[in-house]
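Participant: Dock chains B and C against the given chain A, drawing on the hints supplied.
Which chain is which? The protein sequence lines are A, B and C, in order.
For the first sequence, position 212 (counting from the first letter as 1) is numbered 537 according to my numbering, and the numbering increases by one without interruption.
For the second sequence, position 147 (counting from the first letter as 1) is numbered 258 according to my numbering, and the numbering increases by one without interruption.
For the third sequence, position 57 (counting from the first letter as 1) is numbered 470 according to my numbering, and the numbering increases by one without interruption.
FYI, nobody ran anything at the bench for these hints, they're computed from the structure.
Don't take each hint at face value.
Here are the simulated DMTMM-like pairs of lysine to aspartate or glutamate, each with C-alpha atoms no more than 20 Å apart in a straight line [as the list claims (entries may be wrong)]:
#1 A/Lys719 - C/Glu627
#2 C/Lys714 - B/Asp193
#3 A/Lys719 - C/Glu676
#4 A/Lys719 - C/Asp618
Keep in mind that this is a model prediction, so the values were computed, not measured.
Next come the chains, spelled out residue by residue.
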Amino acid sequence: MRSARNPLARLSTEMDGSIDQIFVSTLHRIASLAPPAAQPLVSMLLIIAGIMVVFGSCFALTTIVERKTLGRMQNRYGPNRVGPFGFFQPIADGIKMLTKEDIVPFSADKALHFLAPLVLTVPVWLAFAVLPVGRNMAAIDLDAGILFFFAIGSASELSVFMAGWSSQNKYSLIGAMRAIAQMISYEVPLLLAAMPVLMLSGSLSLADIVQAQPPGHWFLFTPWGLAGFGMFLIAATAESNRSPFDLPEGESEIIAGYLTEYSGFKYALFFLGEYLGLFAVTGLAVTLYLGGWQAPVSFLQWFPSWAWFALKFAALILLFIWARATLPRLRLDQLLNFAWKFLVPLALLNLLVAGIWWWTGRAQFPGLLIRWLVCSAILAAAYILLGRGLKDHKLPPHRYHYAV
Amino acid sequence: MLGRAIIQGFIETGRNFVGSYYDPERLTTVQYPEQTLPPDEHARTIPFLVYDGDDPSQGLRCTACTICELECPPQCISIVKDTVKKPDYLGKMQLQPKVFDIDISVCMDCGICAEVCPFDSIKMDQVFALSTGDRQALLLHKEQLAKSNLYFRQIHPGEAAAIDAARAEQKRKAEAKKAAIASAPSGFPSPLP
Amino acid sequence: MTALFPQATPAPFTLDHDLLEVSMGPHHPSTHGVFRMNVTLDGETVVKLTPVFGYLHRNHEKIAEQNSFLAAIPYTDRLDYICSMTNNCAYVLAVEKLASLQVPERAEYIRVIVSELTRLFNHTCLAGFLLQDMGALGTPLMYAFREREHVLDLFESLSGSRMMCNFMRFGGCRCDLPAGWIEQAATVTDRYSLFLDEFEALLTDNEIVRARTEGVGVLPADLAVNAGVTGPMLRASGVNYDIRKVDNYGVYGRFPFRVPLGEHGDTFDRYMIRILEARESLAILRQALREIPDGPVIDPKAKLRNFRPKPGEAYGRIEAPKGELGFFLISDGGPNPYRFRIRPPSLINLTILEDMCRGHTIADVVVILGSVDIVLGEVDR
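This is chain A alone, in the form it adopts within the complex (with noise of 0.2 Å):
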């Protein structure tokens, strides 16, 4: 039986003993050690400095990884002095960012000032409270797991615009109120863009959705799922406020945006804020699309659970950073046209296609098939129609002609 408020309990006991439980069965050998009454506290104190530890590192290793990547996509190496292979370059920069001076403009609203890069950085690190890691390792199993995720990640987006007011800086302003547009035409894609798996899966619990996509049958692997897996990531790289949704902060145009008046520890905390809000979000789209914790196929069930998460938690993040290398960035009008008039026509028609595919369900081919080819004819036929919506047909055509 699953209890929100009993971590212990387990799903299944099946792979007692195996790699594949090993963080399982450590986090109750230490925690057989603490007297009966305080066992669940001190689990949950277990857990939540294991989430610290992996996701801080992941974040190091992150920076680091990125810098290289988009280096060897330019041609060049990243940064390579500080350790082997510069790969202690995030301990240099964690150094650098703790040792400036921590200025706050005279005039600025101290309090919110002091509290806007905690209001970012706290609720995020709350959602990773509900992802499920692996088989058996979510840290809280909530019957409403994604509506808590959702409910959190919104909640950080208070600090943008906390941000931007507290600095009392006109710049800053028209910058926090750019980023508070953005990450709120962007949420209507991502929540519309994970409705088809609460729907086809009929629970909004986490672990729920990884058990309803066995090996071979990962959402991913329909035609409603690929639609929505694309959307879903357009839409998390526009919340993380990343290239080429990167308005708010490579605003190098006028201003850096609601971060101008920032330095030192705050602006480090704002950057670990951002870097953990993608992380969060690129879990929760391997566990909504991707089957989570599972295995692509059954033959390869041997390999951890956790492994296999980790693997797909790392190809998503280096498609991020493949999108970084290659977009320029959209202008705002051009992001917010973006989101209204593509995203979320194609991202409710896609509820409506997975509607149909829940209800041939029990089809045999060669209803299989047709299936297939009604749900993906509609799908494409949306996007191709809506995608000619979204050029400007005021332009003329470009024609080049050589003079004689």
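Facilitator: Then chains B and C, alone, in the frame of chain A:
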């Protein structure tokens, strides 16, 4: 179709990423200072003064004609002529510089001084690691600027070989002329060879 | 004191200011050098834009008037510092007009080859800079610079220096091509042809690039002509004016290259015209490398020192990669020019910036400035 060119862009950067691991054209960084690129034969930086033989003061080709000082665009050369003369490679007595200073913080490495010098005495060097914490050290004097002809042959082999051949030819001709004069009957000018 | 200067106390911070004045200051990641724009915004749209430059003024014209004609050549390298060969060509052309010097054929071919190589890398590097301003994190820029390195190696073996070449002399070139240079240049040209295909695949049809550059910064043809705009900017607005065709200087008459013209004069047109021109340069290069004759590289009557052209004036201009680069020289019979005046294409093209930017947002201003292709060394001299 929307997104087609974006996918092409992804393929392009992906190709560069993968290529950077095995194709030297896709990773062109030279990790200075552990690796250096050999300088091209014709590359130039600051000027230097050439001397023949082993003794910089005796073998210095410069005759303090001050043509380089006049032609230098930012006027970074200062020459003070010496009153003592010394013989050049043909035996003729020439002036020499007492002071020959180049301010390399002003020098723009244009090479005009080397181009106008009639005595092949000032040429372009290839050193570039010249940073120093002391501004006065950027004013190079005659002793620091004088480098031997062997060094010149090392850095600009083609040019040095051509100059050495031309000078050897002139020396041969001058000696032949001297020998012809010596062996001619006295009092009458000998016909030119 | 406040009675004398009534605006001395700052206005209190309120949100309902009508017009916001922003200085995109001299230290800025997206202005190509120390360039400042005082932009007045109404909300998001630009109402007024005043360019402020002069931060890189180095007294080039005054210095040239104090030195001899020969000594001015290394200073022209430093005008548009990424295209030093074409700067040299323009100045030397003006002096040759003034002193009626003849240039041997081999030297003319060498001038064509190095000018077109310069045009190639200038146009691709500009595309890279434009994307850098748009936020593509420098990836296309790195590719463009990687290819430029090969051309710089060619220039180093030819003139001794990668960027500040100081290669042209009155009546020809400083020295002849080293052995194997033509083969190396042919290899570089072939590489560039492949590279342009890769580059276009990355950029031209990219939906984001198109969305950000189409319809942005439109320059109508009549306004361009009235403002004295020249170069790819003018041809992107549809005006057929390429000085290589109009003046037929040097041996350009022997190369049947085409002049691409745009129709709308927006930023995408300016980018695309440059790519098309780069392809035409490749054709010119291939022909020139095949047909270059043997012979001397400098007019035997030309003097290096004590060069005193007869009194008179001359205006020599070329189609530099950025536009019409011209030198106006007045000689009074002495060794120094009496008047040395540079017509910088970047400066003249900048005068129309306000008209192009009015009505656009601040994000577009950066993109429009990037498409004008300025180098501050030329703007400020």
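Participant: Look at each hint and say if it fits the structure.
Facilitator: Structure-based check of all given hints:
The straight-line distance between the Cα atoms of A/Lys719 and C/Glu627 is roughly 11 Å, inside the 20 Å bound, and the hint therefore holds. At roughly 35 Å between alpha-carbon atoms, C/Lys714 and B/Asp193 are farther apart than 20 Å, so this suggested pair is violated. Taking the CA atoms of A/Lys719 and C/Glu676, the gap is near 15 Å; set against the 20 Å cutoff, the hint holds. Simply put, A/Lys719 and C/Asp618 have alpha-carbon atoms about 18 Å apart, close enough for the 20 Å limit, and the pair holds.
In this structure, the one hint that does not hold is number 2.
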